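Residue numbers (the working numbering), protein chains in the order written: chain G, 1 to 302; chain C, 1 to 714.
Be aware that one or more of the hints could be misleading.
What the hints assert, rightly or not - With beta-carbon atoms standing in for the labels, derived distance ranges:
1. G:N290 - C:L535: 38 to 44 Å
2. G:Y96 - C:F14: 32 to 38 Å
3. G:G97 - C:F378: 32 to 38 Å
4. G:Q111 - C:P523: 50 to 56 Å
5. G:N290 - C:R478: 28 to 34 Å
6. G:Q269 - C:P673: 53 to 59 Å
By construction, these hints were calculated from the structure, which means they are not laboratory data. Everything numeric in this text was worked out from a predicted model, so none of it was measured. Think of the CB as a built atom: it goes at the ideal place given N, C-alpha and C, for glycine as much as any other residue.
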Amino acid sequence: MRAPFRKFFASGNVFIWGCAAGVSVSLLMVFGLLLLIMINGLGYFWISDIVEVTLKDGQRMMGQLAGREVIPRTVTPDRPEGKGRLRVKIGNRDLYGLDFKWVNDDQVVSQTYPADVVLLERREWGNMYARIKAVYKGETVLAEGNEAGWLALVPLISTTDELHRQITRIEKVEIGAINAEIEQVRLKARSLDMVSPSSLRESGHIDTLKAQVSSAESRYQEKTVELETLRAQFDEYSVLMMDANGREKQIPVGQIIRALRPNEMGLFQKSWIYLTNVWSVLSTEPREANTEGGIFPAIFGR
Amino acid sequence: MGGIAVILSIIGIFIFLVKEIAPVFFPPQGTQKSHAAGAPPLPAFPQSSLVGMDEHQEIIYQIIGGSDRQIRFFSAESGSPMAYDIPSGLAKVQVTSIARAVGSGNRFALGMDDGRIIPVAIEFTAGFEQEARRIVSTVTLGSPVQVTPPKEQIIRLAYQPTDRGILAAALTDQGRLWYAAVSVDNTPVALTGHGTEPVTALIFDSRGETLSIGTAAGNLYHYDVREGVQPSLIESISVAPAGTSVTALAYLIGDRSLVIGSNAGDVSVWMPVRQAQESSITRLRLIHQFDAHPSPVTAISSSLRDKGFITGDTQGNLFVHYSTSAQTLLKLPGNQQAIRTLTFSPKADGAVALTDQGELLTYSIHNPHPETTIAALFKSVWYEGYEGPEHVWQSSSGSDDFEAKLGLVPLMFGTLKGTLYAMLVAVPLALLGAIYTSMFMHPDLRAKIKPTIEIMAALPTVILGFLAGLWLAPMLERVFPAMVAMIVIVPVSVAITAILWQYLPATIIRRLRPGMESFVLIPIIIGAAWACLSLNQPLESFLFGSDYKTWFATHWGLRYDQRNALVVGFAMGFAIVPIIFSISEEALSNVPRHLIAGSLALGATRWQTLVKLVLVSASPGIFSALMIGFGRAIGETMIVLMATGNTPIMDWSLFNGFRTLSANIAVEIPEAPHGGTLYRILFLAAVLLFVFTFLINTVAEVIRQRLRTKYSQY
Numbered sequence: 001m002r003a004p005f006r007k008f009f010a011s012g013n014v015f016i017w018g019c020a021a022g023v024s025v026s027l028l029m030v031f032g033l034l035l036l037i038m039i040n041g042l043g044y045f046w047i048s049d050i051v052e053v054t055l056k057d058g059q060r061m062m063g064q065l066a067g068r069e070v071i072p073r074t075v076t077p078d079r080p081e082g083k084g085r086l087r088v089k090i091g092n093r094d095l096y097g098l099d100f101k102w103v104n105d106d107q108v109v110s111q112t113y114p115a116d117v118v119l120l121e122r123r124e125w126g127n128m129y130a131r132i133k134a135v136y137k138g139e140t141v142l143a144e145g146n147e148a149g150w151l152a153l154v155p156l157i158s159t160t161d162e163l164h165r166q167i168t169r170i171e172k173v174e175i176g177a178i179n180a181e182i183e184q185v186r187l188k189a190r191s192l193d194m195v196s197p198s199s200l201r202e203s204g205h206i207d208t209l210k211a212q213v214s215s216a217e218s219r220y221q222e223k224t225v226e227l228e229t230l231r232a233q234f235d236e237y238s239v240l241m242m243d244a245n246g247r248e249k250q251i252p253v254g255q256i257i258r259a260l261r262p263n264e265m266g267l268f269q270k271s272w273i274y275l276t277n278v279w280s281v282l283s284t285e286p287r288e289a290n291t292e293g294g295i296f297p298a299i300f301g302r
Numbered sequence: 001m002g003g004i005a006v007i008l009s010i011i012g013i014f015i016f017l018v019k020e021i022a023p024v025f026f027p028p029q030g031t032q033k034s035h036a037a038g039a040p041p042l043p044a045f046p047q048s049s050l051v052g053m054d055e056h057q058e059i060i061y062q063i064i065g066g067s068d069r070q071i072r073f074f075s076a077e078s079g080s081p082m083a084y085d086i087p088s089g090l091a092k093v094q095v096t097s098i099a100r101a102v103g104s105g106n107r108f109a110l111g112m113d114d115g116r117i118i119p120v121a122i123e124f125t126a127g128f129e130q131e132a133r134r135i136v137s138t139v140t141l142g143s144p145v146q147v148t149p150p151k152e153q154i155i156r157l158a159y160q161p162t163d164r165g166i167l168a169a170a171l172t173d174q175g176r177l178w179y180a181a182v183s184v185d186n187t188p189v190a191l192t193g194h195g196t197e198p199v200t201a202l203i204f205d206s207r208g209e210t211l212s213i214g215t216a217a218g219n220l221y222h223y224d225v226r227e228g229v230q231p232s233l234i235e236s237i238s239v240a241p242a243g244t245s246v247t248a249l250a251y252l253i254g255d256r257s258l259v260i261g262s263n264a265g266d267v268s269v270w271m272p273v274r275q276a277q278e279s280s281i282t283r284l285r286l287i288h289q290f291d292a293h294p295s296p297v298t299a300i301s302s303s304l305r306d307k308g309f310i311t312g313d314t315q316g317n318l319f320v321h322y323s324t325s326a327q328t329l330l331k332l333p334g335n336q337q338a339i340r341t342l343t344f345s346p347k348a349d350g351a352v353a354l355t356d357q358g359e360l361l362t363y364s365i366h367n368p369h370p371e372t373t374i375a376a377l378f379k380s381v382w383y384e385g386y387e388g389p390e391h392v393w394q395s396s397s398g399s400d401d402f403e404a405k406l407g408l409v410p411l412m413f414g415t416l417k418g419t420l421y422a423m424l425v426a427v428p429l430a431l432l433g434a435i436y437t438s439m440f441m442h443p444d445l446r447a448k449i450k451p452t453i454e455i456m457a458a459l460p461t462v463i464l465g466f467l468a469g470l471w472l473a474p475m476l477e478r479v480f481p482a483m484v485a486m487i488v489i490v491p492v493s494v495a496i497t498a499i500l501w502q503y504l505p506a507t508i509i510r511r512l513r514p515g516m517e518s519f520v521l522i523p524i525i526i527g528a529a530w531a532c533l534s535l536n537q538p539l540e541s542f543l544f545g546s547d548y549k550t551w552f553a554t555h556w557g558l559r560y561d562q563r564n565a566l567v568v569g570f571a572m573g574f575a576i577v578p579i580i581f582s583i584s585e586e587a588l589s590n591v592p593r594h595l596i597a598g599s600l601a602l603g604a605t606r607w608q609t610l611v612k613l614v615l616v617s618a619s620p621g622i623f624s625a626l627m628i629g630f631g632r633a634i635g636e637t638m639i640v641l642m643a644t645g646n647t648p649i650m651d652w653s654l655f656n657g658f659r660t661l662s663a664n665i666a667v668e669i670p671e672a673p674h675g676g677t678l679y680r681i682l683f684l685a686a687v688l689l690f691v692f693t694f695l696i697n698t699v700a701e702v703i704r705q706r707l708r709t710k711y712s713q714y
């Protein structure tokens, strides 16, 4: 038995295997790293189902599961597996003040995935996980209850989204252009003034410039009036939401970017949402101090 | 053309770097600028005059003993006196001694012939009149306070206003020394600790916690005068050679260093140093000795900005010193007129001195980088509050009285440490992989494997640093015992596979293409690693008792930090594997095939051919691969910046972090003021990196050429 071993080592085959291991480890490192980046990065865009957790004290909470860990202190020699806890993204930051919450396993009575829970993606305060109680136009009730409310809300969001786009266009593009024009005129007047203060008054330049400014200002007034009517329409609709424990919160529909019912969606629909999420991160600007929205300015370089 | 352009750009970069650094090493400049005719100090009273100036060096003032015009202002430029009405509080008093409070601001006390003192403050405010700056001085007089028994003249005085009231120590014409803390207890206390030795200098620290008394016997008496305690003598120490006396005392900014001047001309800095490791008792020790004056030192004034100070002597010489670097930076010769008192300007860019003849001399001192010398940058320095000379990098802090510690050695050490650990990870992996890919792999497979491994080089290092800092570091902390086990288990499982492989039926082996070994090994390595990871907990208790951190702490005295050299070794190793792999693989592949074929045909095994022939003849290429990998690791910034914790400590331990030259530049350049000392030192760090890489490349090239000529006969 010993002779073949000696022969084997003398042949150096084991060292060749060692070299092969170098390649294997390098390959594992490359693919492991790519896999690691993808798992950590790409999972972010997936819309997971909304869980409704009932706790021992009768309280309920809704949100998306964001992880699970073993509580470090509970690991003891006779209980090596320890106790676990869930991390739930509960959203509704305007109601609770925090986005995530830890729940110990032993506090959980039941976990269900009700189909009717609504996820609201909002311009401010992050996501909301709740049910719809009523949809309002001003003070009048348009629809009541979760199902009717959902049917009424979905078309409203596209209406307000269009309004939001118009308002942004007027604010950023049109009024911006008028302001730029006024600034140009001011700079022109200033440069004339610096060259020869007297010629500015005599040659009638000043009157043309003044006329330009006043026409720009009147157009500015028109735009503000237009903005006001749009804003009034934009703020008209609102929806009354109710969280897992029955707490209510009224939200203007204009604040909602997207309303989803993830628990109802199939794989295909979720994949579509996934792609739109990827695209919106790549193409939109950040919101809420860079914690939400997209990264477009960082890609483009602004 | 292109080559020349590259060389020119490199030379250009080098010239720019040198231009930015050079001012640090320029010697300071200083000249005696102007003079004004002040009042001569009263010969009978040794401490009867003081001078000073505003921060713009426009107005100089003199405070003089006597009963007439005790405060005088002069224009610094022309030397002409400026009109000033003496406050009525000074009209009928006989001033016999004057003391300046330690710290910023022009605060003084005038000691009088009846044992009282009058606190005085002079403030300068800059106003603007028709776009021209005008400095206005304001004199504020406090109410007189009795600090000695009445009818004793104050000869020498120390004065310090603190938040618990005025402290004063006064030597009277009766030869008695009195201490008074006004507002705590107005009764003066006689201090007798110095016995019969004549008192020659008195000073409080700026917080009013200690009183130091220098005597004609060359001794220093240290009193504890903190709040709520009776003034008590805590230390007496001989600070001047036998037969010489202490003639001047001054605290450097921060109150930690005491500058002592003697009548032998010696200038030295003393600091409190802890007696023993655990004791809280400190004793003054001589830390720095400066160039001696040729005649007795008469006055010391410390800078309000840094650890610099100036000294004057009886021949009129004015020396500029810097405490941290223990250097006498500048010696301005005098004209044989003794300097009686002097003051550093508030911005440390000038000085004003009073001679025995009553002449007020102003100096301008250009010394923008006093703290740097080659020795202070590269040798260990005894900093304030330390127990001995050490290499320290700590360039900035929150407080003004901070001593900048610009030792570059910890950073050079960190650079080498990071590079070493990265090479330890990368070299075996990359070389083994390169040998296998070039020698034992089917060319088709090789054409796929090589670019795959080279992909690693395309990954931005910021991603590697990010993953190392935020994913690898916490994970490694959890599974460290498994990692230790993997180092043994993975190679062993590879060896076992190799042994078992030869028992496989020959038909199966023949059907596999050369190079399949590495694919066979992938599941085995994953399996071995997974086994180690899942056995992490039992392994930890088996290898290290219960907790590996406690084990290392108790057995080897090592502390585990999450961001450590191990993490950087892996991450930076990852970054340099593709470089070393790629270049050495290329070198190995270029060994002529007929040599290998000949060797195999003569009966050598594949392994013998590799070791005896291929490695030797490819050694120049492999060597340059290693050197290029090394150079890459030295300059690497983002990985070390994000994964080391950036602690500039000098410790080879695997479990703590370090700070490299490159990461240090990235961390500190945004907060370094343009043109300041730190800014220039960071450029110096850049030059060091440049020199490091240059040296390594040169040595590598020389060795490579030698290897090439040696083995070119193949």
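Verification of the hints:
1. G:N290 - C:L535: 38 to 44 Å: holds (42 Å)
2. G:Y96 - C:F14: 32 to 38 Å: violated (59 Å)
3. G:G97 - C:F378: 32 to 38 Å: Between G:G97 and C:F378, where Cβ atoms are some 54 Å apart, the hint is violated.
4. G:Q111 - C:P523: 50 to 56 Å: violated (36 Å)
5. G:N290 - C:R478: 28 to 34 Å: Holds - the Cβ-Cβ distance for G:N290 and C:R478, about 30 Å, lies within 28 to 34 Å.
6. G:Q269 - C:P673: 53 to 59 Å: holds (57 Å)
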